[in-house]
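Participant: Listed below are the residues making up each chain.
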Amino acid sequence: MSISSSTHKINQLKNRYLLFRWIEICLLSASCILIAWLVSMMFTNFLIFKLVFSFGIGLAIAVWRVLSYRLFSFSKQKFITYLNSHYPQLEESADLFLIEHDSLSGLQQLQAQRVTQRFDSLYPEIKIPNAIPQSTGIFVISLVGYILLASFVTPLFPTKNKKLTIDVSKVNPTVEKGAVTVNNIVITVTPPAYTKSRSTESISTDIKVPEGSNVLWSVQFSDSIKTANLLLAGNDSVNFIAKKNSYQANLFISTPSFYQLQWNDGKLHTSDYFKIEVIKDESPKISITSLSQFTKVSFVDQLTLPLKATLSDDYGLTNASIIATVSKGSGESVKFREEKLRFENPINISGKQVTASRTFNVSKLGMEPGDELYFYVEAWDNKTPTPNYSRTETFFIALQDTTKQETVEDEGLGVDLMPEYFRSQRQIIIDTEKLLKERKKKSVHEFKSTSNELGYDQKVLRLKYGQFLGEEFVGQIGPASVEVYTDERTEDVAAKFGHVHDKENEHNLLADKKESPTHSHESEKKGEEENPLEAFAHNHDSGEEATFFVQSVRAKLKAALAVMWDAELYLRLYEPAKSLPYQYTALKLLKEISNDSRIYVHRTGFDPPPLKEEKRLTADLSEIKNASNKTVKAKDELYQEIRKALTLVELLLSEQSNLLTAQNKNQFRKAAQELAVVAVEQPARYLRGLSILKKLIDNKTTKKEVNLLLSAIRPILSSVLPSEPASPSKNKITVHALDQQFLKSLEELKHD
Amino acid sequence: MIDSVTLQPVFPLWIIAVASISLFSWLVWNEYKRMIKFLLWRLVAVIIVSISILGLILQPSWQIESGSNGMVLLTPHYETKTVDSLVIANPSLVTVRTMDAEPYGKSELISSLNKISNLRFVVGDGLPDYSLEVNHPFSYLKSKMPYGIIRWTPPTLFRANQQNEITGLFYAKEKTILKLMGPSGVEDSTSFSKEGIFPFTFHIVPKQTGLFLYSIESKNDSESSSQKFPVEVLPERKLKIFISVKYPTAEVRYLKNFLAEKGNSVIARFQVSKNNYRYEYSNTNEVRINSLSIAALKSFDLIVVDNESIEALSSLEQNQLLESVRQGLGLLIVYNSITSKSTNPLQIPFKNFKSDTARIRLASSYFTFPTLPATVDSNAIESIIQNKERILAGYLNKGAGKIGFQSLQETYRLQLEGRDTEYAILWTPIIEQVAKRHETKSKIELEQSFPIYTDEPITVNVISSEAAPKLFSNSIALPLREDVIIDDYWHGTTWADGIGWHAFSIQEDSIPKNYYVSNRTEWQSLRIAQQQRANSLASQSKKSITKAIINTERESIPQLLFYLLFLISAGFLWLVPKL
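Keeping their order, the protein sequence lines are chains S and L.
Heads up, the first sequence is in numbering that gives the first Met the number 0, so the first residue is 0 and it goes up one at a time.
Heads up, the second sequence is in numbering that gives the first Met the number 0, so the first residue is 0 and it goes up one at a time.
Don't take every hint at face value.
What the hints assert, rightly or not - Result set (DSBU-like, lysine-lysine): computed pairs, CA atoms no more than 30 Å apart in a straight line:
id: 1; chain 1: L; residue 1: K350; chain 2: S; residue 2: K632
id: 2; chain 1: L; residue 1: K206; chain 2: S; residue 2: K743
id: 3; chain 1: L; residue 1: K350; chain 2: S; residue 2: K749
id: 4; chain 1: S; residue 1: K77; chain 2: S; residue 2: K8
Hints were generated in silico from the structure; no laboratory data involved.
Please put together the full structure from these sequences, using the hints given.
Facilitator: Next comes the structure, spelled out in structure tokens:
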């Protein structure tokens, strides 16, 4: 092996070293770029910034490493030094490879020969210094880290996008040279405070704003103008006020609409139509997830029921509650109790989305078997001045009554199993008559005791009916003359046909009657005398008036109670025989009362005028005349101008006509007026049509454009027209002499 | 080869026979009486004279084989194989082709279809309608059916706010979507999954009267096309209706309100007592109609009555009403019940039927209505509404008018349910078909069916009672010729000069007849299919196609020959006494 081959190998080793270093630097630099990119993502979204930042760091690292390794000034000498210092076998003589063989002294040649042999044996073992594994490790870690984190990193300080300006070419109508044009327009939308949204600048002249937003138009013109207005569909126009370099107009927007800018520089210029869409503040959304709408619970079950409701709103909730109603009893004696309950977790409802919960403790709510709980959840949002309100469907929780006795009415049993709440008047009469019959069989004590018991029953019955009348205390039931109710002519007819509350819903009034215990008839009469207006007033609060019975029935009931009182008196005095006539009277009165109630509906019907008896059945129809009624029912056709315009569009399109006459434009103008009314309701759908019509009306379209515009307006005009039901129409026929001859011959044939 | 001799006598044959026998007898008798020599020769000369005179008067001709075997006309899309076979079977056929047909061998190009003579065969798409009569008869060998719409049947009239049905046939090349585009976009669509001929039905509901251009868009994997078709939505003509019922039922009240809301003039009469009525006038002036007479009913288009009112009419009123119907009035009977067999000429004959409900389809839904447990007992009833079992509403022609009936009950429920559209769909055809028709003195009809192209003759037929009706085509007067056979029936021909809407109008009628001239690139498949059908109908039997055709022609015997014979024989008779 010669020295020259060793020199060559040293060259190879040096190149390999350089290659390794470059790989190492590239890996390190790439790692730094990834990390720097990740970091930059936290601060900004700007691509250029991120590119400059990350590649700058990557480059800096690369430069630093290159300089530190001195790669550009790396020579063979340095590599020889490395070999000499790291491989003692070369006896610090590796630099002899670099010197020309001829210029070596004899000793040097000898040494070179020796070192060459050693170098050859050493060559495969020479390790090139590098940090590629470390660099690769760093790169892999950086890459994995980047992949994992890149999706989640959001800018900590979101930079504002480059301010997008509105394209004013849409605002400026195509005007002649020298006319004042809009140079810049800024539309600032300030949503209402409760939305907690920031003011934004619209990037388009078509704006979409939250309901109740304040919108500020700031317009810069190319030159001074006389006036500028904001023309608003369905509203008065708003004048622009000159401020510094611009003109400003401010508007509070709560309904969808569209607008135009109009300015006057000696000549009036009007922009195209732009739409204003309003984002409605939605009502809160409530869903109950933990309970089904109908839940049945038996008393042996766990009596706590969890209520979990998810409440959400677009801007925020302010309040929510549960309205629970407990119904107790059944049938006629059902009672309701309403309670407003708060959620237990969280107690205060706020935020855009809340999961609220509460546990119903059935026993704490005072529910007993057979009772039912009806509840719904209601919520309000933070809208001002009037918050949006929404509520859920009513949910039902029924506490089952497993011990409920089923009542059976079976003819075969012969025994009345109906629960005996109290004895009826008829029953008391039967029992009294039975007592009188069995008087001889019974002992005096037994007789008196039974009579007393019957008296008690009579009292219970009286008190029960007294409740209907709103009277609780015995003392209130004064003596009443029977004549009051027997005389039909004294009935208050006006009261019978008048405004009577809750006539059928009598049981609901049971509890209310207790509110006016000391109210007496006399005091009422007194009051009437004192206040003459009361006769003409509709007074709901009077305890007397609040009863469900009309005056005549009230009188009868009062009389019945008075008679019951007498009946009880004689029963208590152990004189059932004397009591019986009073009992019969009471029964008769009670029957009449029930009959009076039944004819209520019948009496509200048509009340015909009384017949003249002398005219009855005389067959005299002379005064009966033909009646007639004249009406004009035909409905005017909707959107007549739009219809005409559509017909015109069809004609122009079929003729491929590019020229619009003044008459055509006038028709389009009229159609635009009708379309504007529709566009106010649905600007997103029809505003484009209005713009097209404006272009057609203004002389600002080329002949080529006319056809395109006509094709574009066609579907819009057509979609405005409503679908109507079919209408019968008269068919057309041409009468020819032959037809008539044919019919004549046909008739003749038939007769033949 | 002479097949037969035919004569073309100048005078009726019996006169010639009598005259010639008389002449011949007189000549023979005369020659015989002369008592000179050459009797036999003179008799021969007399016979020759007689024959030559007969020859001059009878003008005989005979059929001989002609030199040419006819012409075969090649029209676009002809199949070369067919023409090859034809030419092989008939080598003497002359082949000509139209301007738009592909070249074939030594076929000659013809500039006009009028220049064709001795046409034997037409191959390809065929001759256009207008030249079929001129070049008839011929045998037609049609080309392959073109892809696209090959049949198109629009309704006779397009009505606003009504469902108008267009049917047709589509020859699909591959999976194709067909869309019907209206002024507001896609109105209806259908698709075909494979190659073949498929029927299609489109529904359109125009919202506005006037002239509109709808289009059919077809799209498949390889191509898409759009072709316009005309839709003329005629304005509505309001009706004048008289409703006379014994008592106001919900059915009649809702019908009255429906008709009145649509702008029709309605007078409703409800009987209060024997001679007293309650009148309700909607969109009309107050007019009292105490009894039904021809004069009182003349102004109305439709009378709506219930069956009980019909029965309660006096015989005089019945006759007057019947005569009014014969003169064109529409009478609609709303049946509340079926009366036992009535002899009333205004009643519709009914027979019992097992079911008292009927299920019918209105718009896209099915509805069940109570109905009379009866069905019509006459073959003369034209149906308006019917289901699988029976006719539920229809009419009977009576003179120029109609007697209609409606047996469905409680149709007002539709209105109560807010189904105004379905209610209108149910009642509109009944009212329209029974009501008196608007009489016009003139009518314009086009012989050509859609599509019509430029530079093609358009034949227009006019019915007009005027002595000399004046027809205008786009305000240019068009000459008319009256039909040879039918009185008051006129014909005219014009050529459309441009694509778009055109109109024919007649001086006596203010309403023009509009028609649309299509772009020649559109509706080609329909035109070819129509042409093929028309040519097939006009074509002769094809049995003789494969046989060689012997062309014959009729040749007259020269009159000069008879004249010379006459001269020679007459000269001989004159010369004989001088010899």
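Participant: So, for every hint listed, does it hold in this structure?
Facilitator: Against the structure, the hints:
For the proposed pair K350 of chain L and K632 of chain S, the alpha carbon gap of about 39 Å is over 30 Å, so the pair is violated. With a CA separation close to 41 Å, the supplied pair K206 of chain L and K743 of chain S exceeds the 30 Å bound. Of the pairs offered as hints, the one joining K350 of chain L and K749 of chain S holds, with about 23 Å between alpha carbons and a cut-off of 30 Å not exceeded. Simply put, K77 of chain S and K8 of chain S have alpha-carbon atoms about 15 Å apart, close enough for the 30 Å limit, and the pair holds.
Checked against the numbered hints given earlier, the structure breaks hints 1, 2 and satisfies all the rest.
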